[in-house]
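For the protein sequence lines, the chains are C and F, in the order given.
Everything in the first sequence is counted per numbering that gives the first Met the number 0, starting at 0 for the first residue and increasing by one.
Everything in the second sequence is counted per numbering that gives the first Met the number 0, starting at 0 for the first residue and increasing by one.
Please note that the accuracy of each hint is not assured.
[Stated by the list, open to error] Here are some chain F residues pointing at chain C (derived, C-beta under 8 Å):
{"no.": "1", "residue": "Thr36"}
{"no.": "2", "residue": "Ile48"}
{"no.": "3", "residue": "Val102"}
{"no.": "4", "residue": "Val128"}
{"no.": "5", "residue": "Asn271"}
Hints are computed from structural coordinates only; laboratory data are not their basis.
Glycine residues also receive a C-beta, built at the ideal position from the N, C-alpha and C atoms.
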Amino acid sequence: MSLLKPSRWRVLPFYMVLYLGFLYLPILLLPVFSFNNAAATRFPLAGFTTKWYASLWGNREMLDAAFNSLVVGICVAVLSTGLAICAARAVTRYRFRGRRAANGLIMAPLFLPEIIVAVSLLMIVLQVGAELSLLTVILGQVVFCLPYSMAVLTAGFDGFDRSLEEASLDLGETAFGTFRRVTLPVVAPAILSSLLVSFTISLDEFLLAFFLSGTEPTLPVYIWGQLRFAAKLPGVLALGSLMLALSICLLVAAEFLRRRTERQLSTGAASHV
Amino acid sequence: MVLTVDQSAPSVDSGLPARPSWRRGEEAAGLALISPTALYALFLLGVPILTVVAYSFWTQNYLEIDRSFTFENYRIALTEPIYRDLLLRSLGISLVVSFVTVVVSYPVAWFISFHGGRHKNLLLFLITVPCWTSYLLRVMSWKMILGYQGVLNTGLMSLGVITEPIASFLYNSNAVAITLVHSWAAFAILPIYVSLEKIDRSLVEAARDLGDGPARSFLRVVLPLSMPGVVSALLIVMIPTVGDYVTPRLVGGKDGVMIATAIQAQFGKAANWPLGAALSVTTMAIVTVVAGACAILLKLVARRIR
Chain C
0 MSLLKPSRWR VLPFYMVLYL GFLYLPILLL PVFSFNNAAA TRFPLAGFTT
50 KWYASLWGNR EMLDAAFNSL VVGICVAVLS TGLAICAARA VTRYRFRGRR
100 AANGLIMAPL FLPEIIVAVS LLMIVLQVGA ELSLLTVILG QVVFCLPYSM
150 AVLTAGFDGF DRSLEEASLD LGETAFGTFR RVTLPVVAPA ILSSLLVSFT
200 ISLDEFLLAF FLSGTEPTLP VYIWGQLRFA AKLPGVLALG SLMLALSICL
250 LVAAEFLRRR TERQLSTGAA SHV
Chain F
0 MVLTVDQSAP SVDSGLPARP SWRRGEEAAG LALISPTALY ALFLLGVPIL
50 TVVAYSFWTQ NYLEIDRSFT FENYRIALTE PIYRDLLLRS LGISLVVSFV
100 TVVVSYPVAW FISFHGGRHK NLLLFLITVP CWTSYLLRVM SWKMILGYQG
150 VLNTGLMSLG VITEPIASFL YNSNAVAITL VHSWAAFAIL PIYVSLEKID
200 RSLVEAARDL GDGPARSFLR VVLPLSMPGV VSALLIVMIP TVGDYVTPRL
250 VGGKDGVMIA TAIQAQFGKA ANWPLGAALS VTTMAIVTVV AGACAILLKL
300 VARRIR
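Input sequences plus hints: build the corresponding full structure.
Right, here's the structure in full:
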């Protein structure tokens, strides 16, 4: 055992690094080529430039798409988190018939090909005679984001010490007051984390937006349209790098909040023992 | 003494009939709380999917929908060579992608779980970050890498490994498979990691103490116990990838077209909703059956090893 351990210790970390390289290299190419002074993405690099970023500023179409993405992202984050708060609370706090079925229905988009969700939503929207717009994108993306919000929030609510709420209720606080003054402060980081995660997913989501957006594109739909023109690629790379940076910042913030909830829950439990 | 008996007697009496009403209150509260979300999912996911199923049994003449029940669309979906081939290819690609993803991801999940130490959270976070960033951008960068004048070819040429660019990197099923494996890596690692975390470490120690080497103790203890994670990783990759639209469109070329392109065409240019619906339902049904079969097979294998 002790003879074999050192060799495995050397092979697996190496594999781990290789694997992380495989995950990150394709993504890191975006910023690398967005600063490259050539329209073609090839080696050797042709020199440093920021002109692709500068070209984004005057681009009316792109700015409109960015604004659309922002509006959609904020609405999706708020709606999806709000709906997930109710559901996650119900699932973690109460036992009731139909709990598994309801939970399964909410989590189902994780186990469905996205194209089928997109197509079925498109059919329903056109069937009821609604116009394709940013609103339909928002409604669709909320369906898609709910499982992720649920996952973040059930994890946050799960470790919550129920005796705190019971104490508050015993001391005469109303159910709503207890939620606002006892539950909410403890689970607030999880809620923020869910907001950030669903905003990030919405910002990057393409397929539903592609099917449901009508004439107002979000950023990924705009990018899809630009991909046909080879000359526009560097501009897209610059835009993509910015989106990437924003996504990573949001995810780091979400992770930071998640860990804070974890710590808070564990120290909270410790201080009550 | 009398006092305590007097106090406890009614509470025992009322305790039994009181419990169901308390239970009912609990049920009502739970149902009321989950209903907004459940209704949302019902109307924007359940009803649309049922609409797709309904449409798949109807037919369309130009703009008129004929609502008489028919299996015609399914006959076309399963026997017309284009759709049959696209279905088979999509299924093949998703099978290969899910198995490859699970196999390459397992050691990573194992390493983090058994040797991650206090860096566990950081490593998991590092692995999930690329999967949260734009899917479209990731596929786009694979197109840049694999292209004829792309990063891989020009890189290899400037290193002197090859003199002529290799055309066969891009626009085929392999390119689609590589890109999909990259996209779904974290989705495979997380369930495997969770099931590895649940394994009682003293079982592994017991196997070692009783004379099993590292390989045998892994095969007979760790692998069978982590099988639920492997199965869910397989499903969570296989089912969505079968209907992937972006990857085949960007890096698949003519030889890497998958069923999603055909489904999309029925709702766009071709404007044949019933056929598109039938293709969607067929895809879902076939992948569910295949995924179920794989899950059962893997569980049997795990039992045999033990």
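Taking the hints in turn, this is what the structure says about them:
no. : hint   : verdict
1   : Thr36  : 4 Å, holds
2   : Ile48  : 5 Å, holds
3   : Val102 : 12 Å, violated
4   : Val128 : 6 Å, holds
5   : Asn271 : 12 Å, violated
Hints 3, 5, counting from the list given before, are not met by this structure.
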